[in-house]
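Asks: Protein chains in written order, with my numbering: chain A, 1 to 276; chain B, 1001 to 1290; chain C, 2001 to 2435.
It is worth saying that the hints were derived from the structure and are not from the lab.
Ideal placement from N, C-alpha and C gives every residue a C-beta, glycine not left out.
One should not assume that every hint holds.
[What the hints assert, rightly or not] For the chain C half of the interface with chain B, some residues (derived, Cβ under 10 Å), not all of them:
| no. | residue |
| --- | --- |
| 1 | Lys2333 |
| 2 | Ala2398 |
| 3 | Gln2402 |
| 4 | Ser2404 |
| 5 | Arg2432 |
[Claimed, not checked] Partial selection, computed: residues in chain A whose CB lies under 7 Å from chain C:
| no. | residue |
| --- | --- |
| 6 | Ala40 |
| 7 | Ile43 |
| 8 | Asp138 |
| 9 | Ala220 |
| 10 | Ala231 |
| 11 | Ser232 |
| 12 | Ser234 |
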Amino acid sequence: MSINNTHKEKILYSLLAWTISGLLFFPILWTIITSFKTEAEAISASPSLFMFEWTLENYRDVLQRSPYFLHFWNSVVISIGSSLVGLCIAIPAAWSMAFVQTPRTKNLLMWMLSTKMLPPVGVLIPIYLLFRDFGLLDTKLGLVIVMTLINLPIMIWMLYTYFREIPKDILEAARMDGASIGAEIVHVLMPIALPGIASTLLLNVILAWNEAFWTLILTAANAAPLTAFIASYSSPEGLFYAKLSAASAMAIIPILILGWFSQKQLVRGLSFGAVK
Amino acid sequence: MATTQSRTLARFMLMPAVLLLLAWMIVPLCMTLYFSFLDYNLLTPGNEEFIGFLNYEFFLTDPAFMASFFNTLLLVGGVLIITIGGGIGLAILLDQAIWGRNYVRILVLAPFFVMPTVSALVWKNMLMNPVNGLFAHFTSLFGMAPIDFFAQIPLLSIIIIVSWQWLPFATLILLTAIQSLDSEQLEAADLDGAGPISKFFYIVLPHLSRAITAVILIETIFLLSIFAEILVTTNGGPGYESTNITYLIYTQSLLQFDVGGGSAGGIVAVIIANIVAIFLMRLIGKNLEG
Amino acid sequence: MNMKKAVFGGLTLLLSNIVAAETITIATVNNGDMITMKELSGDFTQKNPGIELKWVTLEENILRQRVTTDVATAGGQYDIMTIGTYEVPIWGKQGWLTELNKLDENYDEADLLPAIRSGLSINDKLYAAPFYGESSMVMYRTDLMKKAGLTMPKAPTWAFIKKAALAMTDKDAGVYGICLRGKAGWGENVALLTSMSNSFGARWFDENWKPQFNTQEWKDTLDFYVDIMTEAGPPGASANGFNENLALFQTGKCGMWIDATVAGGFVTNVKDSEVADKVGFALAPDNGLGKRGNWLWAWTLAVPASSQKTDAAMKFISWATSKDYAALVAEKKGWANVPPGTRTSLYNNPEYMQAAPFAEITLASIESADPVNPTVKPVPYVGVQFVAIPEFQGIGTAVGQQFSAALAGKMTVEQALMSSQRLTERAMRKARYPK
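The shape of chain A in the complex, shown without the other chains:
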């Protein structure tokens, strides 16, 4: 709930908010603007914000050179796929941990989070060998499995904290009415928990979208998502700043749009113990 403001305060706060958010957003804005410059203009020593020759050649080149839509589709499948699969596993797990408290619950939670402690660089070869043996290299399925597993702890944890806030009496009442556990979950829990579930889903889509280690190592030509697309535009022996900006813009904009439409969800659902 907001504090009541006077009109003057509103102007002041708005000014402050816009300045700070503008500054924070500026690098992204700069990237998008650079994507419309020529390469020579992009590295020029006197950079300009608007006064230059706007061109679409970078976008054209990027689309010509790389299968953007293939990468885009791979990213979509991998992010959404792994998040949905993760939810199927995480929701029951979080439910049981939130509503059937045992003394071991907290330790279990910490253990789950600790599975994320092994740095990917250390397990690169074992995982690669495993994937090779199972024929999962360069497959979307393989990546969905990896993304699900690395984000599962976070998903469970977020859902757990959210579920714990739900007043138990509602569930009690449903059970008193003779509802089975299954019905309890589907008809009572889910509707209430929807914001939390939605924001967990969204956060994980974002995390999976930006994951730039396994997506690069375990893919070749078929399952490569947008992270590989971007990696093909940064080079130690060739200047592609403008094209890199165009490629980055093409990788950022979809997720920005998603973020725009779902920001209310994100804000509502990410309450760590602060829901009324």
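Go by the hints and put chains B and C onto chain A.
Replies: Here is chains B and C on its own, set in the frame of chain A:
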């Protein structure tokens, strides 16, 4: 309230998650542990022999080890401080009635959506470059010498870049927490004559403690293995100033395909991470409950 | 009845084999010439309708990681890999590469430049086909040299370079006499400094694989480097790699730039470079000791031993590294953009020599580099700007970090050399050298 029936069902529902995570953790961990005791270089296969703790010895006695250990702590600590401090400030600000709140919010959230490699490249080449970058441009307008970010303050530069990426996340979580703050409490404090500072410290901050804990926990997990940003900007240099443990594993082992050494480094990293986690839990663990 | 079935089955099989496309996966670096190859690959698929191409384009370091992991674990992800002269000796020794014995009949292996060819052959059999070759050279601003009253000889000495750099420097105007790589990395500053050290008489290891950073020659090299960069180099040099220096040169900030010969095409490109018409070229400098400070590198196409499609792969490789391909690029993009440094015939072509002002020096640089005898004193390794052992990537990068720190003023030259000596000794001990 939990009946025996629901207890068994609960265990049943937990099983998939637990089994999967167990497999995901145990299998690579065991393989890594196994490899760490071998002299196994990918480029000279067939020569693996058991060499006991030699890989660990080499990793821990590496002159870069202590430096990267401290760099890791500095990196995590620095980003936490900036993102939580900045996050609280931003959250309070965004909680006020301002025009175009939705737009402001998405602008603030945007950095979190950008891929780490892209962020690092943009910051390095377009902003921080001491000759062509924007920051150099600004400092020259004021007649000052440009800061050579990656030579003079490499670790701090990386902290800045990573904080920029994670600030939205912290802000988001803290914003939700603030929005649930009971305005009646604040009004009562007003009536008692409390100034904004004491209101902040005695009412707002305690209310946020749960959210802050959550941010610290999640961010620490991710920040311990920062890698892409270092690779793109400084390659760990100059010297070892911007090398963290993850990067050290990369340069010392992976770069030369020394699987044995890399595995030993990975195990060491896990141990360190777990120590940090236990330490954190002691510090803020109580906030998770209640 | 059974006969009919058999014939019918056999015919179907035959037909399906003819009609079905064979797909080969090509892993390549995202350098300009490779991108052109991808663009023009339609020419190949037109001539070979049964073969379909799939591309994996990545940044050099990530690509190297990926293809090495794949070839070493026999992952089988790629049919053609783009690898460098660093990988070929190491991988060839392990038997991971397929011998290129099914190249086109008019391929003309003898046309390949001998310096490059020797680095890609084992027992005189070709295991990787060079796509483009490079060395390093001096690129300088003709106008700034004239202003300073100096003329650049075709084969300058390091002493002259220092003189010229100091004369051309005007820090207030933002012009720096010389731009050199400073970014840490075995392929970044270490490539430059190793080649430089060759011309100072230094070497990485002696015949018994003992690191030599504690010798006078290395001290001379690093002292010279740090001095000239401090007095005549741009700020932020310790984080500058090829790209950053290219940007600096193209925007007119450098008097000289010693780096890869492929940069020749970039700095003379009117579209991207503000100083395109004011560039001159010279051989990499020396100290009169018999070795110049230039390096040798080639990006090559190779077929991993695990590939099932070696015939199709070799067909592609023949196409991409042939004289016809050079002519194709010349037709579509102009002679200056033909992949350089692989064939003698290219350098005998007057049209090319005219279109590419850097061609003469490029050829001379490549020819003068000898990977088998890169240094003044004898060494147990091959490689001009690297040491072709698997451990070099890690050691090189770690040493590069020390050099970069010395340039940034974070430690003295002595300290950098001492750390480099220690860490190299350590790494060699761990890798059980001498073997």
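Asks: Can you name, in rising order, the numbers of the hints this structure does not satisfy?
Replies: 1
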